[in-house]
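Enquirer: Residues per chain are reported as follows:
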Amino acid sequence: MTVNPSGWRPSAPAAGDGAAPPTVTGNRALMLEEPLLFEIGGRDQTGVDFEAVESGGSRLAGLERSGLDLPGLSEPEAVRHYTRLSRQNYAIDLGLFPLGSCTMKHNPRLNEKVARLPGFADIHPLQPQETVQGALEVINRLAFWLIELTGMHGVAMSPKAGAHGELCGLLCIRSALEARGDAREVVLVPESAHGTNPATAAFCGYRVEDIPANKDGRVDLEALKGRLGPDVAAVMITNPNTCGLFEPDMKAISDAVHAAGGFVYCDGANFNAIVGKVRPGDLGIDAMHINLHKTFSTPHGGGGPGSGPVVLSEALAPFGPLPYAARYPDGTYKLVEEESAGQEHPRSFGRMTAFHGQMGMFTRALAYILSHGADGLVQVAEDSVLNANYVLRSLEDVLDAPFAFSGPCMHEAIFSDRDFAEGISTIDVAKALIDEGFHPMTMYFPLVVHGAMLVEPTETESKAGLDQFIAALRSIAARARAGDESLKAAPVFAPRRRLDETLAARKPILAYKTPAPDGAGSGLGAHIGGG
Amino acid sequence: MRYLPLSDADRSAMLDRIGAGSVDELFRDVPEEARLTGPIHGLSMHASEMAVERDMKGLAAKNMVAGEVPFFLGCGAYRHHVPASVDHLIQRGEFLTSYTPYQPEIAQGTLQVLFEFQTQVARLLGCEVANASMYDGSTACWEAIGMARRITRRSKAILSSGLHPHYASVCRTMARFTGDALDTAAPELSAATDAERLIAAIDGETSCIVVQYPDILGRIADLTPIAEAAHAAGALLVAVVTEPLALGLIKAPGEMGADIVVGEGQSIGVGLQFGGPYVGLFATRERYVRQMPGRLAGETVDAEGKRGFVLTLSTREQHIRREKATSNICTNSGLCALAFSIHMTLLGEKGLTGLAKLNHARACEAAVRLSRIPGVSLVNESFFNEFTLELPVEARPAVHAMVEKGVLGGVSLGRLYPDEAGLAKGLVVAVTETVTDEDVDALEAALKEVCK
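Same order as they appear, the protein sequences are chains G and Z.
The opening position of the first sequence corresponds to residue 36 in my numbering, with each subsequent residue numbered one higher.
The opening position of the second sequence corresponds to residue 348 in my numbering, with each subsequent residue numbered one higher.
These are computed hints drawn from the structure, not numbers from a lab.
Some clues are possibly wrong.
[What the hints assert, rightly or not] Okay, the calculated beta carbon distance ranges per label pair:
no.: 1; chain 1: G; residue 1: K260; chain 2: Z; residue 2: K404; range: 31 to 39 Å
no.: 2; chain 1: G; residue 1: P247; chain 2: Z; residue 2: E767; range: 38 to 46 Å
no.: 3; chain 1: G; residue 1: K542; chain 2: Z; residue 2: G368; range: 20 to 28 Å
no.: 4; chain 1: G; residue 1: V527; chain 2: Z; residue 2: S354; range: 30 to 38 Å
no.: 5; chain 1: Z; residue 1: E767; chain 2: G; residue 2: G102; range: 49 to 57 Å
no.: 6; chain 1: Z; residue 1: E372; chain 2: G; residue 2: D432; range: 17 to 25 Å
no.: 7; chain 1: Z; residue 1: Q638; chain 2: G; residue 2: G102; range: 21 to 29 Å
no.: 8; chain 1: G; residue 1: M66; chain 2: Z; residue 2: Q638; range: 49 to 57 Å
no.: 9; chain 1: Z; residue 1: G368; chain 2: G; residue 2: R362; range: 42 to 50 Å
Think of the CB as a built atom: it goes at the ideal place given N, C-alpha and C, for glycine as much as any other residue.
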């Protein structure tokens, strides 16, 4: 510590002085409380100027609106409102976000820059196609690399998110079966699968049955073979699976499913572990969605937007949706839509969304692929697997890792609550991590591990960052094994303590209601600060 | 490589800790024959920012930019001025790089924004509750049909001919697999919407009527009689709004009796982006909320009694109910919903109404000028900021001819309905606040030429 030349020293707080003093505003220095827009804005306030209108004709069919109650804010107030709200969020830009199956990697800012080039951002989806050849080329180029990286035959670019991609893949499968007059009723899904898998299968009209796992956490191949039959349309497999383990029998699974006349859908959420190193197409899959917002770094944005292109096998590609961007021998690009489907894509199952897909995510993902290049993508997979194994081996002595005995994990490591003391559960460990400055790992998923904690560091974490995380989690794990009750109070430092989710579901308040003049509010609790 | 922080020394130390000799050992579960022997064929090695930017700029330069020419396209995506602060705010790392707010204690920013967004959407659409957004208007539309099926336990949906053809196409695709029967039709080049046809088609098997407002030709119709007819038969009215700015000036569908109101929020805050990502709006009556798909943010309190927000009613969703979920949807359109909400906040009621008036006034002026071109007539009696012209020639080649003159003159109905000869001369023209007098001059001149 450097010497303070004036000799002044601050006085120490009185011992035992635990509680911090309350403030008038409810703020605590940089931790600022922020009321709802409806409590601070006004119907007459606005942060936008534009030219006044001379009233001309009115062609509104006599349906003029009266009474719209929406508050506005001036620009300075709006900027403050949203800046303050942003500061109540954890984010990848702040620290490790070790959510298993989410691949919370750094979002490169170059991607944001190129997505905003007017030539991409300020073009309309229905512009005559000769005026958007560059945009169609982006879609086509990205499609090409996704096919190359997965070793597949075709790709549907239009699905708007991973779950939408799953829907696309299953609809291709259903269409292919209908085309050969072989309607089947069942889809097999491991119990460890992401919830979207059975939800999608059910939407497509299938009955969902479980595929059992063996003690090593992998699909039980013999049990699967035993169940396959003429009523099984497809199996939905995640590989690496949701326990972070590679399915070594993947090819055998695909062969068995094909022999029984079914198709293999692969959930590509975990592609980050194998990108550039393994091609799922070589393992016999028929369809796989790729989450561009996972492996290919497009931003999660607080919950979306996603993008879920689906790579397809030769058997399924003819049934893929409309539209798609095709390249012609003369080097021009064109959208194949309903108009030319009859000649160019007659067995398509149809259109899944208006327009052509998540163009803003395509530009970002293409920039990502070009930035990393062939060598960089391989490094992505290797570093993500290295980081996860480092975390696994650094914690397995203090946190039960049910599959650590069976060998390395892939890009994510799974732990269970087996060694916790009575009364302490996974959620307490997660909330304690919040106080340590980390977003918790994925909790209680997959269902096949009790109190599951699924940790995916990704390749964009430094060793120093991982070491800090490991140290924090070691300490918390020790407290969990010792039955330290203070864990149940966590988090204590976050902008909010644990929130009552039961109350929110029992008495849903889903929109702001202006309180009645008598002061009787519709809200549930005290809000802090001026209003 | 600039995005990969591990050094060789780090990797070495970590392999030591793991007890492996090389990274390859960590991939031992991958069968030999499935491992690639070299990097992906044809993809160059890693590239600098500068090189990637140059490459992408080259592709961007091949596109005609809407803001650089007279521009009049609409039909489900609209060009409006988005205030500069919107893009700055959505790029704050705490918004851009945050996740779904499953850990609410450290996601109150996202959750409060979603609660505000839900309130803004519900009020704009004239409904009691709205969700935290869907992928886009077209998927929101077919999810609404699914929701109507669940509520009414019927499976025949009647789609107005004024519904965007892409939306109708999506609904037809999904109906093949859900078993819904759809009654659809192509529009006519006339001032009247097909309200009469819809009302006549309602019977005891109808789950819902789906009406777009304003419709694909820009026509505005009172939804009240359709709502009444639907309700009398035990069916629901689903209204679809592809230009939410219109609701700054005309009655909201919820006010006229619509039970489910869906829409495309793109025109507020989001930008054209060649078709995506956009933001689906979904609103309904409070009593139907448990049948609504998608995420919902709700108010609650924390352990100290402070107000806070959480995702709620999750038993509707896939991560809880799995195959019994109301939908398979997982992501919403978070960042786009944020952009929508910030733009709405900056507008406020006063700004939204003022902006809507400006759009309508400019559209009225343009409609008068363009319908005076010899051979050109205005199809609409009513419109907000988008109307249909009937040209004396086929509109699709006319649009291409106008491109040669540097004008993006609208969407030909031939592009949207290539098989409908009766629509071939229709041109849909959108006029927003971004259109100048010079732009209209240019369109007028170009149309005169191509209509000769």
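Enquirer: Okay, K542 of chain G versus G368 of chain Z on CB: inside 20 to 28 Å?
Expert: Violated, since K542 of chain G and G368 of chain Z (Cβ atoms, about 59 Å apart) do not stay within the stated range.
Enquirer: If you check the beta carbons of P247 of chain G and E767 of chain Z, does the distance land in 38 to 46 Å?
Expert: 54 Å, violated
Enquirer: A range of 49 to 57 Å was offered for this pair. Does it hold for the Cβ distance of M66 of chain G and Q638 of chain Z?
Expert: 39 Å, violated
Enquirer: Evaluate the given range 17 to 25 Å for the C-beta pair formed by E372 of chain Z and D432 of chain G.
Expert: 21 Å, holds
Enquirer: Hint says 30 to 38 Å; check whether the CB-CB distance for V527 of chain G and S354 of chain Z agrees.
Expert: 36 Å, holds
Enquirer: Cβ-Cβ distance between G368 of chain Z and R362 of chain G: within 42 to 50 Å?
Expert: 45 Å, holds
Enquirer: If you check the beta carbons of E767 of chain Z and G102 of chain G, does the distance land in 49 to 57 Å?
Expert: Given range 49 to 57 Å: violated, Cβ gap about 39 Å.
Enquirer: Between K260 of chain G and K404 of chain Z, does the beta-carbon spacing fit 31 to 39 Å?
Expert: 53 Å, violated
Enquirer: Can the suggested window of 21 to 29 Å be confirmed for the beta-carbon pair Q638 of chain Z and G102 of chain G?
Expert: 28 Å, holds
In summary, the numbered hints that this structure violates are 1, 2, 3, 5 and 8.
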